[in-house]
Amino acid sequence: MSDAPEPAPKPETIARYVDEVAPLLGLTIPAECREGVARNLAILFAAGVLIRDFPVGGAETAPVFEP
Amino acid sequence: MSRLDAIGMAEEVRGRRVTARDLVAATLERIRARDGELNCFTAVVAEGALREAEAVDADIGAGKVVGPLAGVPFAVKNLFDVAGLTTLAGSRINAERPRAAKDATVVARLRGAGAVLVGALNMDEYAFGFTTENTHYGPTHNPHDPARVAGGSSGGSGAAVGAGLVPFALGSDTNGSIRVPAALCGIFGLKPTYGRLSRAGTALFGISFDHVGPLATSARDLAVTYDVMQGPDAADPVCAGRNGEPCLPRLADGTGGLRLAVADGHFAAGGEPEVFAAVERVAKALGVTRRVTVPEAHRARAAAMIITASEGASLHRDDLKRRPMDFDPLTRDRFLAGALVPGALYVQAQRFRAWYRERVREIFQSVDVLLTPTTPCPAPKIGQETMTLAGVTVPTRPNLGLYTQPLSFIGLPVISVPVADAGPLPLGVQLVAAPWNEAALFRVAAALEREGVVAARIAG
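Those protein sequences? They're chains A and B, same order as listed.
Here my numbering is used: position 61 in the first sequence is 61, and no number is missing along the way.
Here my numbering is used: position 380 in the second sequence is 380, and no number is missing along the way.
It is possible that part of the hints are untrue.
[Said to hold, decoys possible] Covered, in the sense of this in silico footprint (three residues per stretch, anywhere, with C-beta under 8 Å from a C-beta of chain B), are these stretches of chain A:
{"no.": "1", "region": "25–39"}
{"no.": "2", "region": "47–61"}
[To be verified] Label pairs and their computed distance ranges (CB to CB):
{"no.": "3", "chain 1": "A", "residue 1": "Gly58", "chain 2": "B", "residue 2": "Arg259", "range": "23 to 31 Å"}
{"no.": "4", "chain 1": "B", "residue 1": "Arg97", "chain 2": "A", "residue 2": "Thr28", "range": "19 to 27 Å"}
{"no.": "5", "chain 1": "B", "residue 1": "Ala33", "chain 2": "A", "residue 2": "Glu60", "range": "25 to 33 Å"}
{"no.": "6", "chain 1": "B", "residue 1": "Ser366", "chain 2": "A", "residue 2": "Pro55", "range": "22 to 30 Å"}
{"no.": "7", "chain 1": "A", "residue 1": "Pro55", "chain 2": "B", "residue 2": "Glu280", "range": "45 to 53 Å"}
{"no.": "8", "chain 1": "B", "residue 1": "Asp421", "chain 2": "A", "residue 2": "Lys10", "range": "15 to 23 Å"}
{"no.": "9", "chain 1": "B", "residue 1": "Arg317", "chain 2": "A", "residue 2": "Gly58", "range": "29 to 37 Å"}
{"no.": "10", "chain 1": "B", "residue 1": "Asp318", "chain 2": "A", "residue 2": "Glu60", "range": "56 to 64 Å"}
Just so you know, these hints were derived from the structure itself, not from any lab.
Given the structure is predicted, the values throughout are model-derived calculations rather than measurements.
Built from N, CA and C at the ideal position, the CB exists for glycine as well.
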């Protein structure tokens, strides 16, 4: 896997995502928080760029059930 | 007496050279005199503490066997349940909730060992921060320079111990929240293996990474408090079913036979020169020359951010939906952003976590203890939005976790040790081991302390 950074989503794309997805999840983003939420979500998506295509092989995350 | 560590205080009490009541009364007086400046405490339980101390004195007077912490005052981050107090978790929202009916498991175990709780301590709201700049309850100040942060999110715990107000305190650590304040306040901090200590009766934050642990002024205090808190707890589904593995008896074992290495790569870049000098000083004292690279640690940090934001938002979803403006402005937008993280990204972060855990497990086949810096710099100023690390300007608050997040991400046990004479402000070095190998950490920490390479720095 290349270490070259992939482009993170553009700010306007993140802002649109916030506007469209929040209501679908039952959340109302207060107007005064909209910019800050988008900025912080951009940080999380940028972090996601580092892992989303990382080859993890068959890494399994399901917990072991121990009755 | 305030300069004694917890074990020293308990010895004085058991030896009847001081009463527990006098010890606790002096502690309460120190808190009264200095907490106005530091803002460590959100609650002080003076009456109850004096009553508990008198009970300890009565037991000693009656010749009863008392615990190893008999009469020793302590305090806890305000996300631990304390019977009779509302568990704030740094929030205004929780202030409306009923008082806790009983103590968190680890608080009860410490009290069972004779320790006397004197109060609850400030923190970042819901533990989502590294600086304890809490808008509701005010920032906690670093005892070594009140213009600077104490670190977080267990900043009240770090500052209270670093100022000598109490000999030890409890904190929680999801991404570095015990280790960062321990380092910035000049004291020892232990984040045990994930699942080692019960979290029952604590306000959770990031359930995949939440740990609890002690902050203290000596390796032996860290060990005795940790030992007292160990053991299974059916009330916490994450707490392992392992019996306690006491570390206090291991302190004198020395480092013979332990395989030690310095972590390079991610852990040797992006920080100020003095933090790497601190690591080298510890390495030199231990005779460590080996270097080991933890692969993809920067991606581990990224994945930790995604999981933390997502899990934290999930825990607080109802309040985010109903009353977002009641959150601290310093956490609100981050929680709301976390609520919007796509599920596929969260799952991929967890899958990466499984991959990364296996790679690090391979490293610990040939290494017992790794050394890394705890923070990339000494304590920043309160309110400082950006800082320059290795010539690059970065946001202050998230970057204090640069070296801690990739380790708690997979639940490794870590002790942050305070490096003696690190500079004008304290700095810490992380000792990192494989899961369940806390004993190795204590052996190294105690050896360094005996050599004078690490030492708590108590202000005031």
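Can you let me know if the beta-carbon spacing of B:Asp318 and A:Glu60 is within 56 to 64 Å? The hinted range 56 to 64 Å is violated for B:Asp318 and A:Glu60, with Cβ atoms some 31 Å apart.
Is the coverage entry for the region 47–61 of chain A by chain B consistent with the three-residue Cβ rule at 8 Å? holds (count 11)
Assessment of proposed distance window 45 to 53 Å (beta carbons of A:Pro55, B:Glu280): 35 Å, violated
Holds or violated: the 23 to 31 Å window for the beta-carbon distance between A:Gly58 and B:Arg259? 30 Å, holds
In this structure, is the beta-carbon distance linking B:Arg317 and A:Gly58 contained in 29 to 37 Å? 32 Å, holds
How does the Cβ-Cβ distance of B:Ser366 and A:Pro55 compare with 22 to 30 Å: does it lie in that range? Taking Cβ atoms as reference, B:Ser366 and A:Pro55 lie about 25 Å apart, which means the hint holds.
Is 19 to 27 Å respected by the C-beta to C-beta distance linking B:Arg97 and A:Thr28? 23 Å, holds
Three residues minimum, CB to CB under 8 Å: does the region 25–39 of chain A make the cut for coverage by chain B? Let me know. holds (count 11)
Quick check: does the Cβ-Cβ distance between B:Asp421 and A:Lys10 fall within 15 to 23 Å? 49 Å, violated
Pairwise beta carbon distance, B:Ala33 to A:Glu60, judged against the given window 25 to 33 Å: For B:Ala33 and A:Glu60 the Cβ distance comes to about 55 Å; the hint is violated.
Taken one by one, the earlier hints fail for this structure at numbers 5, 7, 8 and 10, listed in ascending order.
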